[in-house]
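*Asks:* Produce the entire structure from the sequences given, and follow the hints as far as they go.
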Amino acid sequence: MHKLERLLRPKSIAVFGGVQAAAVVAQSIKMGFAGEIWPVHPTKDEVAGRKAYRSVADLPGAPDAAFVGVNRHLTIEVIKALAERGAGGAVCFAAGFLETEAYDDDGERLQAELVAAAGQMPIIGPNCYGLINYADGALLWPDQHGGIRLDEGGKGVAIITQSSNIAINMTMQKRGLPIAFLMTAGNQAQTGLSEMALGLIEDERVTSLGLHIEAFDSVAGFERLAARARELKKPIIAMKVGRSEQARQATVSHTASLAGSDAASGAFLKRLGIARVDSIPAFIEALKLLHITGPLPGYKLSSMSCSGGEASVMADSAEGRWVNFPVLTETHRAHVKSTLGPLVAVANPLDYHTFIWNNEPAMTATFTAMVSGGFDLNMLVLDFPRPDRCSVTDWWATLRAFESALKTNKAHGAIVSSLPENLPEEYTAELMARGMVPLFGISEAMDAAQAAAFIGWAWHEPQAQPVDTSASGAASGDHVTPDEAEAKSRLIKAGLPVPKGERAGNAVEAVISSMALGFPVALKALGVTHKSEVGAVRLGLKDAESVSAAAHDLLPLGTGLYVEHMVRDGVAELIVGFTRDPMFGAVMTLGTGGVLVELLRDSVTLMLPATRDDIDAALRGLKLFPLLEGYRGRPKADVAAAIDAIAGIAAFVQKNAGEIEELDINPLIVCREGKGAWIADALLVLGENKNV
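The letter at position 36 of the sequence shown is residue 36 when you use full-length UniProt numbering, and the numbering goes up by one with no holes.
Below are the DSS-like pairs computed for lysine-lysine, each with C-alpha atoms no more than 30 Å apart in a straight line:
1. Lys300 with Lys407
2. Lys3 with Lys233
3. Lys155 with Lys30
4. Lys3 with Lys155
5. Lys3 with Lys270
6. Lys410 with Lys233
7. Lys493 with Lys675
8. Lys270 with Lys233
9. Lys11 with Lys44
10. Lys80 with Lys3
11. Lys11 with Lys155
12. Lys623 with Lys636
13. Lys155 with Lys410
14. Lys675 with Lys636
15. Lys655 with Lys493
16. Lys542 with Lys493
17. Lys410 with Lys300
18. Lys300 with Lys155
19. Lys500 with Lys636
20. Lys174 with Lys410
21. Lys675 with Lys500
22. Lys270 with Lys300
23. Lys410 with Lys337
Now the in silico label distances, taken between C-beta atoms and shown as ranges:
24. Asn165 with Glu84: 32 to 38 Å
25. Arg612 with Lys410: 34 to 40 Å
26. Trp322 with Lys233: 17 to 23 Å
To be clear, the hints were calculated from the coordinates, so they are not data collected in a lab.
The beta carbon of each residue, even a glycine, is placed where N, CA and C say it ideally should be.
*Replies:* Structure, rendered in structure tokens:
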């Protein structure tokens with residue numbers, strides 16, 4: 001039994017506090033909770049019509065769940081008493097704990113005391129609203145909500161948020177999403193979001209899980225959650241906030257959470273097979289799609305509408321996404337064409353025109369022919385008229401035709417409204433019962449389809465290794481940056497591909513070194529971080545005279561000179577960067593390199609360890625990749641050597657994760673096939689332990 005079992009699915013509830021506590025009692029009664037409800041109040045004889053008790057000791061038994069809605073100091077006393085009585089768990093409503101550390105010295109201490117008081121008893125929060133169990137009617141929730149109890153044997157999604165207000169808003173949705181459980185995580189002082197999620201997905205009434213994440217409570221915890229979700233075939237959607245600096249600051253002030261970088265967070269979710277969406281509407285629509293269809297087997301979509309304008313909007317909405325509307329084969333096109341008149345141009349998305357509108361047999365034939373193409377999701381664009389001013393009678397013929405087409409082909413289907421308000425909530429339950437997912441808004445429908453398709457793809461891939469978090473934690477305050485000569489010396493010792501080079505103290509030494517290395521050479525000023533910005537590098541020097549002249553120019557810019565054999569036959573330049581993320585440890589950024597790296601912004605982030613397949617897939621996802629394959633007759637690059645080099649650099653970083661704060665290889669020059677890939681520049685930043 002999961003340690004949150006009694007708290008999540010209680011048979012008895014104890015409630016502590018004033019106004020909020022009374023609301024909890026009333027909410028559970030209203031929802032038809034069949035278990036015991038025991039209000040605790042020092043002076044009242046009853047709360048919301050239920051007998052009140054004076055203390056934890058006076059309760060008839062150890063409650064499965066408790067809502068503690070008293071001040072932060074008294075909360076600690078109540079939690080201690082509940083733990084000693086053997087309660088199953090508690091929601092801590094009060095604020096004023098670690099989230100106030102910036103302006104209240106007591107917050108951190110009180111949160112530590114709260115956790116100590118709980119001992120082995122699970123607590124949720126503090127600084128959170130709690131739990132709504134719509135499956136059993138158990139509400140440890142002190143405010144309004146807009147949800148309804150599930151029917152006997154009914155199923156729904158589970159949602160966990162780190163914002164109580166966002167949670168309330170989600171219960172007020174009019175999009176037809178059935179919710180089985182809703183929780184808020186608060187400060188996660190003892191029980192983290194991933195542990196709550198593990199408790200929820202075990203429930204057979206939960207079909208899928210939605211997470212609003214400000215920060216990850218535990219890398220290992222999320223890895224366990226993702227693995228279990230995959231076993232149970234219960235997909236997870238995440239809305240991870242923190243893309244902007246303002247959002248990251250708000251996260252810290254809200255729940256005192258440690259937020260890693262957004263790029264690393266995205267890479268982590270992808271590695272786990274958790275689909276990420278960026279808005280609340282997309283979050284709701286993706287959960288709804290997964291609730292009905294589960295993960296999609298692929299990215300191929302079809303669309304039908306009786307409007308060319310809608311067909312165009314649908315086509316445009318797939319631009320830049322993985323989901324797509326594939327061109328119909330000639331056989332399939334002819335099949336669809338045979339059901340329509342000569343004036344209809346058959347394509348995907350399909351504008352079937354109004355010629356067959358309200359002709360159910362004709363629409364059934366066309367829809368069945370279109371859906372027969374083996375698409376992963378079939379979309380019918382259909383906005384409903386206003387019921388207060390218009391008639392919807394004709395629309396049901398269209399819906400029945402689409403339903404028949406889906407059943408005949410055993411296919412997934414969705415009704416997509418171009419405007420969210422044009423799909424009334426009162427129709428959603430029947431549509432879902434007929435196997436048609438009601439999706440509100442074209443953009444949100446595409447987000448949902450892409451999320452479901454991503455999970456389908458991820459679950460067919462091998463499960464990723466656990467993330468190496470050995471370098472996680474706050475960065476060292478004491479940094480040392482070896483110059484390029486020293487950094488490359490360390491990389492050479494690790495067996496990495498670095499061009500031959502030598503340190504030089506003056507122009508004469510630079511000339512001697514260049515002659516020994518062989519022309520052409522590159523000459524650089526040491527001790528300069530971004531050399532190209534200050535003219536601290538000269539490339540392609542072909543003789544002693546040019547080396548001598550360049551040396552005299554560069555010596556005043558740095559602490560010495562570095563002469564290096566020029567890499568020739570370069571096809572493309574990559575950047576391979578590593579930074580220490582406080583949550584995930586060493587994180588790799590791989591992308592288009594060179595002096596325009598910030599301008600081009602063509603990169604992908606990977607967790608470590610990264611396999612060769614991970615690196616290969618990352619390279620193929622770059623806009624640069626066609627250049628590596630021999631774009632427009634150019635020579636093909638030595639991609640295998642590039643992968644070898646990147647994998648080797650990653651292994652070097654992992655081996656020395658405790659010392660490396662940052663490593664920036666820019667560029668890694670990838671030469672033509674058979675000529676290798678070479679580390680042309682390296683910036684290494686070391687922390688307090690400098691034994692790399």
